[in-house]
Amino acid sequence: GAVVSQHPSRVICKSGTSVKIECRSLDFQATTMFWYRQFPKQSLMLMATSNEGSKATYEQGVEKDKFLINHASLTLSTLTVTSAHPEDSSFYICSAIGLAGLTDTQYFGPGTRLTVL
Amino acid sequence: AQSVTQLGSHVSVSEGALVLLRCNYSSSVPPYLFWYVQYPNQGLQLLLKYTSAATLVKGINGFEAEFKKSETSFHLTKPSAHMSDAAEYFCAVSMEYGNKLVFGAGTILRVKS
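Residue numbers (my numbering), protein chains in the order written: chain V, 75 to 191; chain U, 264 to 376.
Since no wrong hints were added, every one of them can be taken at face value.
Calculated cross-link-like contacts (lysine-lysine; reagent style DSS-like; alpha-carbon spacing at most 30 Å):
{"#": "1", "chain 1": "U", "residue 1": "K363", "chain 2": "V", "residue 2": "K115"}
{"#": "2", "chain 1": "U", "residue 1": "K321", "chain 2": "V", "residue 2": "K115"}
{"#": "3", "chain 1": "U", "residue 1": "K331", "chain 2": "V", "residue 2": "K115"}
{"#": "4", "chain 1": "V", "residue 1": "K115", "chain 2": "U", "residue 2": "K312"}
{"#": "5", "chain 1": "U", "residue 1": "K332", "chain 2": "U", "residue 2": "K321"}
{"#": "6", "chain 1": "U", "residue 1": "K363", "chain 2": "V", "residue 2": "K94"}
Residues from chain V that keep clear of chain U, each with C-beta distances beyond 10 Å, as calculated:
{"#": "7", "residue": "G127"}
{"#": "8", "residue": "G135"}
{"#": "9", "residue": "K140"}
Don't read these hints as lab results, they were simulated from the structure.
All C-beta atoms, glycine included, are put in the ideal place defined by N, C-alpha and C.
Please model the complete structure; the sequences and the hints are all you need to start from.
Laid out in structure tokens, this is it:
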């Protein structure tokens, strides 16, 4: 139980284009989803927290207009990287916290490798 | 602000030897503590968590960790390393259920045959 998926697993795009990454909780309802970014050989850095039906809360230094987050349902959150540039190339990982019984642990997706050319 | 320090960015052990990965946290109140493992190009898998119950926590794959409030530590151990344990390990802290995690820098474990 408590499986989180991400799609796509890997994406390559040209500079200036937008990329959408999906995060789904497959077997539970996620009240809260988190988006992290991990640069090579570094730890995970929280970008934003999203709750179903409300606006995401962004961490200091993360541009909310560049990294658009939508948490439209209890099983789906999306991260859109707008006008991507090479410095946005990174490993993006989402996590989810569920309802009763799953509220104290974040379950992580497998990650999405974004490469901006 | 919370912070997590993992001593040793790389740890190398022989197969069958004890694994000890160190984690210290800074917090004015006992937090919730987690250990996650990450294999190359994959997401994180929860190994174990401390949520104010027993101070010695047993996790998956033979790992365990002990919460020591006096030392603000939550070190991860495994009595006998296996080749499949080679991965990167992250210690993380959260101040409340369902809240954001703050991660340590990670420790890469190498297991030698």
